[in-house]
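Novice: Numbering of the sequence shown is given in the UniProt record's numbering, commencing with residue 1 and proceeding in unit increments.
All clues given are correct.
Below, simulated DSBU-like cross-link-like pairs (lysine-lysine); rule was C-alpha separation at most 30 Å, straight line:
hint	residue 1	residue 2
1	Lys-75	Lys-137
2	Lys-133	Lys-93
3	Lys-76	Lys-141
4	Lys-105	Lys-141
5	Lys-88	Lys-137
6	Lys-75	Lys-133
7	Lys-44	Lys-141
8	Lys-88	Lys-131
9	Lys-75	Lys-131
10	Lys-133	Lys-44
11	Lys-76	Lys-88
12	Lys-133	Lys-76
13	Lys-44	Lys-105
14	Lys-76	Lys-44
15	Lys-93	Lys-44
16	Lys-75	Lys-141
17	Lys-131	Lys-141
18	Lys-144	Lys-88
19	Lys-93	Lys-137
20	Lys-105	Lys-88
21	Lys-44	Lys-131
22	Lys-141	Lys-88
23	Lys-131	Lys-76
24	Lys-75	Lys-93
25	Lys-88	Lys-133
26	Lys-137	Lys-76
27	Lys-144	Lys-76
28	Lys-105	Lys-93
29	Lys-137	Lys-44
Note that these hints are calculated values from the structure, not bench results. Here the structure is a predicted model, which means the values were calculated and not measured.
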Amino acid sequence: MKLPIKIIIIILIFAAGFLFGWQVALAPADGQPVLTNQNAGEIKTDLAIDFGGGRIQNYNQIAMPEGSSVFDLLKKAAAENNLALDYKDYGGKMGVFINSIDNIKNALAGDTFWQFWINGQYSQVGASSYKLKDGDKAEWKYIKGQID
Numbered sequence: 001m002k003l004p005i006k007i008i009i010i011i012l013i014f015a016a017g018f019l020f021g022w023q024v025a026l027a028p029a030d031g032q033p034v035l036t037n038q039n040a041g042e043i044k045t046d047l048a049i050d051f052g053g054g055r056i057q058n059y060n061q062i063a064m065p066e067g068s069s070v071f072d073l074l075k076k077a078a079a080e081n082n083l084a085l086d087y088k089d090y091g092g093k094m095g096v097f098i099n100s101i102d103n104i105k106n107a108l109a110g111d112t113f114w115q116f117w118i119n120g121q122y123s124q125v126g127a128s129s130y131k132l133k134d135g136d137k138a139e140w141k142y143i144k145g146q147i148d
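Work out the full structure, taking the sequences as your base and the hints as a guide.
Specialist: Here you go:
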């Protein structure tokens with residue numbers, strides 16, 4: 001009867017020693033607590049869509065995975081807010097071309113197209129090529145010609 005109790009005590013001592021040693025091994029060398037970001041790999045961005053005629057929709061603090069493009073952001077906002085989105089993916093460097101947002105289509109005859117800006121600057125790359133950074137503000141505008 002005493003043998004099983006001794007075995008249990010020995011097992012508990014080894015388990016406690018193992019757990020203590022494991023925690024010490026994981027602690028930072030300078031004694032500071034380890035802070036973890038539970039949303040590691042996630043960024044937050046803002047999006048504005050200017051449909052023209054004074055209609056602007058703003059979406060703030062949209063959580064996106066790191067490495068997401070402006071196009072990924074637009075797709076997510078469109079899906080979550082029931083906005084129809086039509087586009088063509090040309091692949092490669094050409095990437096994605098937006099044909100319409102919420103049924104407002106590019107007007108070739110009127111030289112009016114969907115264009116985008118990042119942090120107030122007209123983008124020099126396509127929507128599927130620009131990788132968002134935390135805090136970026138993307139703006140899609142339905143406008144005539146290109147405004148820098």
